[in-house]
Amino acid sequence: MRMRTLTGRTLVALSTTALLASSCSLIGSESDSKEGGDTTVTLVTHESFNLPKDLVTAFEKDTGYRLEISKLEDAGALTNELVLTKDKPVGDVVFGVDNTFATRAIDEGVFAPYAPSLPQGADAYELDGDDDDALTPVDTGNVCVNIDDAWFAAKGVPAPTSLDDLTKPAYKDLFVIPGASTSSPGLAFLLATIAKYGADWSSYWTRLVDNGAKVVKGWSDAYFTDFTFSGGDRPIVVSYDSSPAFTLNKSGDETTTSALLDGCFEQVEYAGVLRGETTNTDGARAVIDWLLSPQVQAALPESMYVFPVATDVELPADWAKFAERPETTEQVAPSEIAKERKAWLEQWTEIVSR
Amino acid sequence: MVSLELQGVSVAFDGAVVVDAVDLSVEDGHVLAVLGPSGCGKSTLLRAVAGLEPLTSGRIGWDGADLAGVPTHRRGFALMFQDGQLFDHLTVARNIGYARRLQGASRAAVRAEVDDLLDLVGLGGYGGRLPRTLSGGERQRVALARSLAARPRLLLLDEPLSALDAGLRGRLAADLRRILTESGTTALLVTHDQDEAFAVADRLAVMREGRIVQEGPTGSVWAHPADADTALFLGYARVLGPRAATALLGRATGPVALRPAAVLAGPERGDGIPATVRSFRPTPDAGRLVVSVDGVGELDAVGVPGWVAEPGQRVAVRVVEHAIAVLPGAAAEPAGSAP
Amino acid sequence: MARRLALGLLAAVPVAVVAVFFVLPVGAMLHRGVWPEGAFDPGAVLDVLRRPRTARVLWFTVWTSSVATALAVLLGLPAAYVVHRLRFPGRALVRTALLVPFVLPTVVVGLAVRELIAASGTLGFLDLDGTPVAILIGLVFFNVAVVIRTVGVAWEGLDRRPAEAAAALGATPVQVLRTVTLPALRPAIVSAASVVFLFCATAFGVVLVLGGVRYSSVETEIYLLTADLLDLPAAAALSLVQMLAVVALLVVVGRLRAVPDPTVRRVAAPPARPRPRDVPALAVTVLTLALVSVPVLTLAVGSVRREGRWSLDFYRALGGSADGLLQVSVTDALAASLRIAVDATWMSLALGLVVAFVVTRRVRTRAGRRARAVLDGFFMLPLGVSAVTLGFGFLIALDQPPLDLRASPLLVPIAQALVALPLVVRTLVPVLAGIDDRQRQAAASLGAGPLRTLLSVDLAVVWRPLLAAAGFAFAVSLGEFGATSFIVRPAEPTLPVVIYRLLGHPGALNYGTAMAASVVLAAVTAGVILVVERLRVPGVGSW
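Top to bottom, those sequences are chains A, B and C. For the first sequence, the residue numbers in our numbering are 1 to 354. For the second sequence, the residue numbers in our numbering are 1 to 339. For the third sequence, the residue numbers in our numbering are 1 to 543.
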């Protein structure tokens, strides 16, 4: 008994000491306080943001700013947080607001105007209705249905060639979709169906769900978990037109998947200066200029799997070869998205959670 | 006829022997009290009989049948605790009717029996009350009624009156005796209170340090304690060794135990044994003295009514023969004899 | 008079903290919802409640919580009996194992259950992935510990004599259980069930990871409405519904929570050797143990297997930052978690001690008693309010000087301290209330001043529970995910946040690294709980 209490106490004492020693913090560690005032610029972005380290180092060296990157979840959450915190923004500049969410943030007055000189071809991606130069296009990509051609070839089943095919019994339980309410490619795909089917979009979705389409939370759940290329059991997935450039066969001379070019939705990601009393406006503008620079534009495909808005930048070889882009895409006006998104999403949620 | 029979019963906790080779028997319709100081193992003995403690060795039999392996609820021995242990979430009536409901008696039969039992313990009309609204004495009465309702072959009473105050204890002891006699119940009672044991039991077993040191009819145990410690425990005030006893009584004798009133003291006259007063304390009935007798030592004594003595005063003392008990053997000075 | 004033002042400290860091943020979110555009508009709120989706979400929350509560009670009761009333080798280990899930981070629980039931998992053949059954498994896994703990502690302290009296009156063991033991345990069971229901109904991480898009509880729906749809009136409506339900439940729990009377002497039974009649209870305990340990073991095994071979790759990856996905390495996140947990622990202990001290003082007036009860309930509130609402509330309410704490390193520990506060209070209150007031009176009569009395009577009793509460607060803080995920500084994420982020990008290495990180987190948490168990404080973590 005595032994036991002794060991018990020793254990307690030891662990307490270890704990305090290992992390002797009694009030956080405020290592990165704002000692430099304007020399830090905070970029708020989504979690897919990723650029090579040497580009970040080059930016800091060229401009003298320290770049702090603050990643939030996805484009939707990012936009909503900007709206919620518009009175006192959580950073200086944002990257990653896309054309499905942009109007809401602009309407809420989140951004301060900035009109940088755009690289060649980028003006084609400027946001319709953005008359105050709130947002600057940085990258683009098309959300398209992707097909695992190798899987269909192995099964001896012809691959689907249109959105309509996806509701046919031959493709029952083969389709996986990231949620429209929880991911931006999901919302883009929903908008594509709305553009394509008009008022009938809900009956299309009902047929999709009845045909066993699986709705998961995010694009990465769908692509990396359920898609057959990643070891899942569904050979049809909502992804990007650039995705086939990453699914090469063993010899690397051919891709095993393809984008279904019927019913793609064009996504453009924007950057903008945040409106706030303490915003480091010069730093924010420098970041946007940097994002438009040829070096960053050229790095976008490999780092973030998107196309640069600049057309004078050379694409990686695999992209040029395997990332086939649709000639036409489905269009929904940003103003209409802003007006109807909530109703559409409510209706969509009803359909998929029935 | 012998109903309960214990042979060489021992119980040990983690190697420490608490009950040590106890032999006892209780005859049908009789009440046996096991009397002993706290910690002597008497409650453990009772729990062993109830089947709540496993035996280390020995045998407990009922009507000749070994009870080993018979679980508590099949023994038919109702156990009544010191503080009753009424079920607080049940009314008095449902507490009393508990055992009969388990036995599957009809609702009407249970109600009639409960009413009879409430009358028996003097609590008619209390059926609808909740236990926590009752006084200590009432709770014990309900607990007794609940135990009797089970129609036990043997009633086990664990200090049934100890939690009550003195006056109530006396009255309830008499009631308990009456109720047990009227219902012809065989009972085993354990207590540390000699008055409780004398008032309720037919036979008495004195237990000390896990062993039974004396057993017999209540009056005979009381009159003839087996040894000095037993005598002291039974309420004798002092035990004198053979030499002192011989000097006091004026005849050859073994050790002697004296009750508090065994020595009478009065003003010094011709008769009696001369003694010196050490202290005097008046009480409502008579003075209490401590006196020193030459060749005997200090003794407790009772003064003649109305008489007052001073310390140092010479007095005469007389021994009341029926208030002393001669202990067996001529053993050396017992531990409890020194003043 | 002076004493009452001093008590009031003392109570004001934690009240102020909870007001600023809880009432203010939650109030700000509700304000945005009910007063959109600055005008009072309850119509929008009512409108939300009429949506069929809302009804479905409410119904889903109620039925999954009810079923999970029932299952947790059914599995937990026999296990509580076995680990608190029986004596067998390895009992302490089994107890700890059964307790660990409660403090495991919800994200880890979600991951563990998913690993088990995924198509490739041990139970893959049952095809449970993405079904409500998966959510139920997760909820039961998480909450069975609450039942075992609360009921077990009550069972352990149960006076054995009424049961013995019943047995002596002829009641069989089953009859004793039904007519004596269960009625005596009823307050503990109902209290445990209410708390489990509360935890289930407000579960965030588990439902988020296991529920997918199809199944949404009130809590995840609030998240969806706030973070993805920015439908603040709807979120406010659901938050209000949730809060009302929580307050109602807390009132019930408060009524049933019996503080043991210190003046009553109890004879508790020592743990007994298992007998043949204990076989059913033992069987259920083994089942519960399996339910609790299999997902964790699956996780542990998964973390050391890569492409069908044994490998420590995932553990090596802990030093890295998952190809730039994270801004820090996983080990840095663990260090940050530990640092934050230390701060959250002392904060919750300081607050909890004051609260426990204030609510256990003898109060003579009826109004005083009522005030004390309200105060007691007030500090339980963080238990049941949506972490999402709280998290976003922090963002919008704490952005003005002097409360511009959004970027402060203190915010996360404060939020976690609030989450741990009810647990700390619940651990300390029974102990302090269990001190017979006559002990203090005796000390005072022997010449001890108020401070001296506090030191010699209260502190002497409370130091072990205090250490135990510290362990629990530390573990809770380590695992907290809901509120933390909203306010954590991106440059200093905690381990659960990192795990969740890794899970959001399930490349094989990311997934494996998440598993390895979860195993590390679970091991640290289990170690802390083991130490708490060694303290042998009766009643720790019971409600």
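Hints were generated in silico from the structure; no laboratory data involved. Any given hint could turn out to be false.
[What the hints assert, rightly or not] Away from chain C, derived, C-beta distances all over 10 angstroms, residues of chain B:
(1) A21
(2) D119
(3) E268
[Claimed, not checked] Label-pair restraints from in silico Cβ distances:
(4) A/D282 - C/L24: 44 to 54 angstroms
(5) B/D88 - C/L312: 51 to 61 angstroms
(6) B/A16 - C/R4: 48 to 58 angstroms
(7) B/T181 - C/L93: 53 to 63 angstroms
(8) B/A16 - C/L93: 39 to 49 angstroms
(9) A/T161 - C/R316: 37 to 47 angstroms
(10) A/E324 - C/G43: 32 to 42 angstroms
(11) B/S25 - C/P89: 19 to 29 angstroms
(12) B/R129 - C/L282: 34 to 44 angstroms
(13) B/R74 - C/L93: 30 to 40 angstroms
(14) A/E324 - C/A290: 21 to 31 angstroms
(15) B/A16 - C/V286: 28 to 38 angstroms
(16) A/D54 - C/L93: 48 to 58 angstroms
(17) B/D193 - C/A290: 32 to 42 angstroms
Owing to the predicted nature of the structure, the values given are computational and were not obtained by experimental measurement. Cβ atoms here follow ideal geometry from the backbone N, Cα and C, with glycine treated the same way.
Violations among the numbered hints, reported as their numbers in ascending order:
4, 8, 10, 11, 14, 17
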